[in-house]
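*Asks:* Read in the numbering used here, the sequence shown has 527 at position 86, and its numbers run on one by one without any break.
Simulated from the structure, these hints should not be mistaken for lab results.
Remember, it's a predicted structure, so these values are computed and weren't measured experimentally.
We treat Cβ as the ideally placed atom computed from N, Cα and C, and that holds for glycine.
Where hints are given, some of them may not hold.
[To be verified] With a cut-off of at most 25 Å between alpha-carbon atoms, the simulated DMTMM-like pairs for lysine to aspartate or glutamate come out as follows:
hint : residue 1 : residue 2
1    : Lys473    : Glu529
2    : Lys472    : Asp453
3    : Lys552    : Asp528
4    : Lys664    : Asp579
5    : Lys472    : Asp531
6    : Lys602    : Asp671
7    : Lys447    : Asp487
8    : Lys472    : Glu608
9    : Lys559    : Glu608
10   : Lys664    : Asp528
11   : Lys629    : Glu608
12   : Lys658    : Asp671
13   : Lys658    : Glu446
14   : Lys450    : Asp671
15   : Lys640    : Asp671
16   : Lys575    : Glu446
17   : Lys640    : Glu513
18   : Lys503    : Asp647
19   : Lys629    : Glu545
20   : Lys473    : Asp528
[Said to hold, decoys possible] Across the chosen pairs, the derived CB separations fall in these ranges:
hint : residue 1 : residue 2 : range
21   : Tyr606    : Gly505    : 41 to 49 Å
22   : Phe479    : Glu603    : 30 to 38 Å
23   : Ser537    : Phe611    : 39 to 47 Å
24   : Glu603    : Lys552    : 25 to 33 Å
25   : Ser537    : Gln512    : 17 to 25 Å
26   : Gln627    : Val674    : 43 to 51 Å
27   : Glu475    : Pro518    : 21 to 29 Å
28   : Gly646    : Phe532    : 30 to 38 Å
29   : Arg486    : Asp535    : 29 to 37 Å
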Amino acid sequence: MAIPEKNQKLNDVVNQYLRPATFPVAVKIYKKGEEVPFKARVPMRDLKHRLAICQGMTIARKYGWTLAFNQEDQACPLAQVILGYTDEPDFIKDGSVVFPLYAETMEAAAKTQASTPKMPQADTGTIVLAPLHKAEFDPDVVVIYGNPAQVVRMIQGGLYKEGGYIESRFAGRGACGGEITVPYTQNKYNVIIPGGGEKVFALTGDDEMAFAMPASKIDDFMKGLVATHDGGVARIPTPVYGVNVQPAFPKYYWELEKYCGLRD
């Protein structure tokens, strides 16, 4: 299958104006009963064991592999709920998978669990992750990892057309919900601080954040990223002002400055 032109264009724009250290990741969600019409590695079939979806994200963005996750390939039970492979069981709604790891009380834990993003229906069959430049499909979501400066540039590019703020929520867990579920179900940009599980299992760096966009925002994002760059102030690398300012040395250098003709 051919790689869609828009994937190539977005990949080129991201590489030119952001220079991320890893590949942007294209995400495609197939409903139960739908077939994946292209080649992909399937964890249980090809690796002989399950993976967490965050591990798949790292493999796609660092190895350049295309991975297809069916429910039986998903090692993370929380991700199965977040991503719509299965319904949320009643026995975790009380916060028992949050307390005592992330909450002082069961009441607080229940609030955190209730706030966790979830698909509206448990009808997900397969989730495909692919490096954007190799993705043989029109993505539902694109996820781009970067450092804080690069994420700021993505925020600026995303807001260029409509303005306002990008509102994101953080819980330190279940980052796959912020990366996939939120942009997919709410049709909005999202900023993600990777959670503890992603750092433990997927080796996501302490300096890394992520930015996710739904398919409907790709054209506006590309236009905004280029336009804000052309403004001259918001760029990668950051055009810091201090490097073209004459430095001021401490008084202990003043005599040497006079000797060198640098001070009257």
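*Asks:* Against which earlier hints does the structure fall short, listed by number upward?
*Replies:* Going through the list in order, the structure violates hints 2, 7, 8, 10, 15, 19, 21, 23, 26 and respects the others.
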